[in-house]
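The listed protein sequences derive, respectively, from chains G, C and Y. Residues in the first sequence are numbered consecutively from 1, following my numbering. Residues in the second sequence are numbered consecutively from 1001, following my numbering. Residues in the third sequence are numbered consecutively from 2001, following my numbering.
Check before you lean on any hint, since a few could be wrong.
What the hints assert, rightly or not - In silico contact screen, one side only, chain Y against chain C (beta carbon under 10 Å); selected entries:
1) ASN2075
2) ASN2085
3) GLN2087
4) VAL2088
5) GLU2103
6) ARG2104
7) ASP2180
8) ALA2185
9) ASN2188
10) LYS2209
11) MET2290
Just so you know, the hints here were simulated from the structure itself, not pulled from any lab data. All figures in this text were calculated on a predicted structure; none of them were measured in a lab. Backbone N, C-alpha and C define an ideal beta-carbon position, used for all residues, glycine too.
Now for the letters of each chain:
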Amino acid sequence: MIYSLKEVSKKYSTRNGSVHSLDGVTFDVQQGERVALIGPSGAGKTTLFRLLNATLRPTDGEIRFDGKDVGLMPARALRAMRRRIGTIYQQHHLVPSLTALENTLCGKLGQWSLLQTLRNIIKPAPAEAEQAMAALESVGLADKRRARADELSGGQQQRLAIARALMQNPDVILADEPFASLDPALTESIASLLFGLIDGGKRTMVVTLHDVEMAMWYFPRIVALREGRIVFDRPSTQINRDELDALYAGNLNSTHERDEMRSSFKSERNCAR
Amino acid sequence: MNEIARADYRGQHRATLRRTLIAAALVALIIFSWQMAEIRPAAFFAADSIAAVIDFLKGLFPPDLSTDFLRIVFVAAGRTVAIAIAGTLLSIIIGLPLGVIATSTLFRRGVLLAGERRGVSTFLLAGVSRAARALLGFLRAVPDLMWGLLFVVAVGLGSLAGALALAVSYAGVLGRVYADVFESVDARPLEALHATGATRSQVFVRAVWPQSKPAVIAYTLYSFECCMRAASVLGFIGAGGIGYEISLSMRLFRYDQVLTLIIAFILLLTATDAFSRYLRRRLRANAPQGTLAHERVNGLGSVLITGISLERVMNIAIAITAIAIVTGSFYASGFFDGSLMDATLLQRMGRFVGAMMPPEVSASFLRSLVEPLFQTIGISVMGTLIGMAIGALLALPATATLIFIEKDEAGKRSRTERAARRGIYTFARTVLSLLRSIPELVWVLMCIIAVGLGPFAGAVAIGLHTGGVLGKLYAETLEEAPENPLEALRSTGARRVQVLVWGIWPQARPMLVSYTVLRWETNLRVSTVLGLVGGGGLGQAIYNNIQLGFYTRVATLILVVYALVVTTDWIGDRLRERPAS
Amino acid sequence: MTRTPPILFLRFFALILIAVFLLAAGCNKSAKPLTLRLSMIPNTDPGRIVRESQSLVSYLERETGAKVELTVPTNYAAVVEAIANDQVDIAYFGGFTYVQASERAGVRPLIQRERDQNFHSLFITQSDSPINSLEDLKGRTFAFGDVNSTSGHLMPEYFMRQSNVDAEVIAKAVYMGSHDATALAVANKKVDAGAMDEAIYQRMTSEGKLDQSKVRVFYTTPPFFDYVWAARKGLDSKLTDAFSNAFLKLDPENAEHEQLLEFLSATKYIRAEDSDYDKLRQAARDAGLMK
Chain G
1 MIYSLKEVSK KYSTRNGSVH SLDGVTFDVQ QGERVALIGP SGAGKTTLFR
51 LLNATLRPTD GEIRFDGKDV GLMPARALRA MRRRIGTIYQ QHHLVPSLTA
101 LENTLCGKLG QWSLLQTLRN IIKPAPAEAE QAMAALESVG LADKRRARAD
151 ELSGGQQQRL AIARALMQNP DVILADEPFA SLDPALTESI ASLLFGLIDG
201 GKRTMVVTLH DVEMAMWYFP RIVALREGRI VFDRPSTQIN RDELDALYAG
251 NLNSTHERDE MRSSFKSERN CAR
Chain C
1001 MNEIARADYR GQHRATLRRT LIAAALVALI IFSWQMAEIR PAAFFAADSI
1051 AAVIDFLKGL FPPDLSTDFL RIVFVAAGRT VAIAIAGTLL SIIIGLPLGV
1101 IATSTLFRRG VLLAGERRGV STFLLAGVSR AARALLGFLR AVPDLMWGLL
1151 FVVAVGLGSL AGALALAVSY AGVLGRVYAD VFESVDARPL EALHATGATR
1201 SQVFVRAVWP QSKPAVIAYT LYSFECCMRA ASVLGFIGAG GIGYEISLSM
1251 RLFRYDQVLT LIIAFILLLT ATDAFSRYLR RRLRANAPQG TLAHERVNGL
1301 GSVLITGISL ERVMNIAIAI TAIAIVTGSF YASGFFDGSL MDATLLQRMG
1351 RFVGAMMPPE VSASFLRSLV EPLFQTIGIS VMGTLIGMAI GALLALPATA
1401 TLIFIEKDEA GKRSRTERAA RRGIYTFART VLSLLRSIPE LVWVLMCIIA
1451 VGLGPFAGAV AIGLHTGGVL GKLYAETLEE APENPLEALR STGARRVQVL
1501 VWGIWPQARP MLVSYTVLRW ETNLRVSTVL GLVGGGGLGQ AIYNNIQLGF
1551 YTRVATLILV VYALVVTTDW IGDRLRERPA S
Chain Y
2001 MTRTPPILFL RFFALILIAV FLLAAGCNKS AKPLTLRLSM IPNTDPGRIV
2051 RESQSLVSYL ERETGAKVEL TVPTNYAAVV EAIANDQVDI AYFGGFTYVQ
2101 ASERAGVRPL IQRERDQNFH SLFITQSDSP INSLEDLKGR TFAFGDVNST
2151 SGHLMPEYFM RQSNVDAEVI AKAVYMGSHD ATALAVANKK VDAGAMDEAI
2201 YQRMTSEGKL DQSKVRVFYT TPPFFDYVWA ARKGLDSKLT DAFSNAFLKL
2251 DPENAEHEQL LEFLSATKYI RAEDSDYDKL RQAARDAGLM K
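Based on the sequences and whatever the hints tell you, model everything.
Here it is, written out as C-alpha cells:
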C-alpha cells in the first residue's frame, strides 16, 4: 500500500471563521494503481493533492506513505519521501528564468549533494545533462533546451513539467489538472505522454481531473469528492450517470458550465493557499 | 540537428567569450579598487586594533544618561529636526518652481507645443527649461555634505548652513522628481484645456497639478525622511545638531555619550519614519473621504453643519500647529538672527562664489587629483563589495521564507527547532537594522579607531552601512520570489539550500543586481564626502583646500565630483538595463 | 475635482510661508544689546571648550560689559570666513590661521599666552619604535593634525623640510584632523610617527588620555609663534581694549583666575604683535599652503 489516508481533515481559517476544505477523508492507494480524483470546484481536490505530495499538513487525521506516518517524519525522511513523488502542477510551476534544460534538471534536485547542486547550476555534469536531454527529447522539446521556461507556450510548459517529473524518476506521479488550459489536440498528446510515464504499471499515478469523461476513460478507479467529503470511491466501470449528475448537481448541468468551472479553478487554488 | 548543434556551439562560444571578458574586467576592477582603497584585512586582527576596539566597546557602556547630557542631546535632536523641517520647506520652495520650469511637456515638446508657431519665445523658453533641468541635476549630483561644507564656510557655522545645504541639495532631488511626475501625467486633459485657449499656468494648475498631487506629496514626505537623516549627519562638518555632538563626544573620548547620541539618533529616525507613514496613511484615507464630505456638504447644506464646523476646527488646529512648528524650525535654524533678511547674507554668498571663479585647471593641480579620484572610486567599489558580502551573509538567515518552517508544512515538528529558527531570524534582522541605522560617517569614526585613518576605514564604513541596507533589500527580494516554482522544487525533495540556488536565486537575480548597482551609485557619492571626516579620497582634498582657502581649487573639485557622479549614474543605468549578463 | 486633504496642500503651504516670512522680517528689526561675538578655533580640545566654557563667558561679560556669544567651530576655514564677513568680532586663531586671516581680512592681533611666543611641536613615535631622529623617518608613515594647524602641520613640515627629510614622507603623510587624533594614531600604531602641539601632548599625558608607556617624543622643533586672539578689522577699540585687559590681568594667585587659566592651559597673557608672524608667513608660502 503506497498511500493510506485515515480521517484526514484540513481546515483553513478565513475572515469568516474556519472553512473545511477536507472533512474526514479515508482511502488507500495501492502500488501501481491509477486513480482519478474528480468533483466540482471547491470539492477539495487541490488540497488533497497537496497533502499527498507532503507540501501541506492535515489539520486532523493520519497520512501514511509506504507505511510511514507523514506527520511524524523528520525533515530528512520527508525529503526522501518527496523524492519518490513526482508532481506535475496545473500551473506547471516552472522556474521562469531558467532554461528548459535547467528546469528539467530540477527534477533531480532532491538527489544531489550540496556540491552537485552548486556545480550543476553553473554547468551541469555531462551525465546529468544527457539524462535531461533524453527527458526533453521524449517530450519533444529537445530543440527548446536553451529557451527560457517563460518563453515557452502553455503546451510546451506542460510538456516541460512532465520532463521534470521524468527526470525525477519517481515511484508515484501526482498530476493536478494536467489537461486544463489545453486544447483538445494538445490534450491527446499530453495524455499519451503522461500515461507513458506509468511505465507499464510500475508507477502509481494519482491525478485530479474535472473532466469526468477523461477520468472514466483513462482511470480504472475514481474517487469523487464533494464539499470535502468522499462521495464515492469505486472502479470506473461501476459508476453510473445518476451518481455523476448528483455529484455535480447544482454545480453544473451542462458542458457550458463545465467550461466555466475550468476558469474558476484558478480561484479555488487561490482560496486554498 | 547538425546545423542546430553548430549554431548552438557558436552562440555558446560567443556567450562564454563575453562572460570571460566581463569577469576579467570585474576582477581587474576589484584588484584596482583593492589597491586604491588600501585594503589590509590584517589590520583588523592586529593586537592593537583589537585592543582599541575593545576599549571603544567598553567605553560605550553604560550610556551617559545624566540629566545634563540628556539636555544636550535633547537640544541637539530638536535642532536636527528644525534643520530638517526648514531644509525640506526651503527645498520645496526652490524645487517646485524649478521642477515646473524643467517639465518638458510644458515647455519643450508634446501637445502644448505641437500646434504652436516656433518663435523666439518658444525657443527661449525651451532653453530656460533645459537649463533648469541641468541645474537640478547639478544640485542633486553634488552630495549634501559637500553643500554643507560650502555653506558652513560661506554663511558661517551652525544650523543655518545646515538648513541651506539641505535646501539646495534636496531642491535638486525634489525638482527632478517633480518634473518627472509632471511629465508623466495623462496628456489628454492638457490637450483639452489647451484647445480651449488656456494659458500654460492655467493648464498646469487645472490639469497637471491635480493629477500629480498624490505622487508629489508622497515624494516630498520621503524626501523629508532623507533630510532628517542628512540633517543628523551634517553636524559632522559643523552644521549643528546630533552629528556635531557625536563628533564632539568622539573627540572627548566620551564613548558613553556617543552611545547615547546614537540611540537618540536611531529613535529620531524611527519616529520620523512612523510620522511620515502616519501622514501617508492619513492622506490616502483622506482623499476619498474628503471628497465625500465635500459633496455631502454641498448637497445637503445646513443638515451637516456640526460636521462642517468640526472639520473646520480641526483644520484650523492643524494649521496653527503646523505654523508653530515651521516657525519654530526656522527660528531654531537661525533664520531669525537677522541673517535671513540680512542683505549681507547674499552678498557673502556671492563673494564666496566669486572667490571660486575661475576653477583652477593648472596641470599640476589636475595631476594631483588623479590619485584621490581613483581612491574615491576604489572606496566605493570595495565598500559595495564588503556590503554585498555582509548583506548576503545576513540576508539568508533574515529571509523568512528560507528560515521559517511554514505553519502548514508537513512532517514532524520540533518546538526547539522553531524557537532556534526564530532566534536566528530575529538576530539577523536586528543586526541588519543596526548596521543600517548608523550612518556611514559615524561608522567611519569607529573604523578609524580600528584600522586607522584612510581609505580602508572609509571602505569598511561604507561596507558596514551598505551591508545593512543591502541585507534588508536582499532578504525582501528573496522573500518575494514567486512561490509556485519553489513549491515544485520542494516537492522533488529539494532542501532549502537547493531551493535557494535553483528556484529563488534565478528568480531574484535581476532585482538583486539592480539593487546592488543602485547602492553602488549611492556609495560613490558617499565616498566623495567620507574624506571630510578622514575617510580618504576626494573629500580629503576638498576639505584641505577649503581649509586653506584655495576656493578656485574647490570649484574644480566640485566639478570633478559632479562629472564623476553623472558618469556613475550613466554606467549604473546601463548596468541595470541588462542585469542578466 | 477631488477635494484637497486637510493637510499639506498648496494654499495652506503658501499661508504658512507668508506667516513665517512676516515673522522673520519682524524679528529682524528688534534691537540687540551690545554683543561681543567670540570664536575659538578648536586647536585645543573643542568638546571641552564648548561644554565647559561658561565660566570664561561670564568672566568676559563682567569685564567687557557686553553680552558674549562664544561659538566653537570644528572648522578653521569657517572662522576665517566669518571674521572676514564681520560675523565674528574676536577669534582665537592658531599661528597659521591668524596669518591667513590677516591676509584675507586684515585682522589685528590682541593678546596671547606667554607660551605662545615660544611654542614647539613635538614629534612622537611608539616607545619601542626604532625612530630616534628626523632622518629615521625615511620610509615611515607619518601623521599631521589638521592641514590648517600651525603646530600640527605647518611648522613641523617646515622643520622637516629644513632638515631635508625625505619628500616622500611629507607627500604621503595623512592628516588626522586634530592633535588628539594624531596622538592616538601613534599610540595605537596606526602610523609610525606624528607631529603635534606640545600643550595638548602635556594635557593628554597628565589627564591619562595618552599612555606614556606607549609613546615617546623623539624630536622637539625650535620655537615659533602660535596661538593668538585677534579682532576683526573695524571693531571698536574700546571693546578690544576691554577684552585684552580682561586677559592681561588674569593672575594665577586669584582663585577664579587660576581656574580660567587652567581651562585655557595658560599661565600668563601678554600682548601680541603682527610682525612676530613674518617667519610663519614665509614658511606657509614656501610650503605652498598660502598664495
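Here's how the hints hold up against the structure:
1. ASN2075: holds, 4 Å
2. ASN2085: holds, 5 Å
3. GLN2087: OK, holds: GLN2087 (chain Y) within 10 Å of chain C, min 5 Å.
4. VAL2088: holds, 8 Å
5. GLU2103: Check passed: Cβ of GLU2103 (chain Y) comes within 9 Å of chain C, closer than 10 Å.
6. ARG2104: holds, 7 Å
7. ASP2180: holds, 6 Å
8. ALA2185: holds, 6 Å
9. ASN2188: holds, 5 Å
10. LYS2209: holds, 6 Å
11. MET2290: holds, 7 Å
When the structure is compared with the earlier hints, no violation turns up for any of them.
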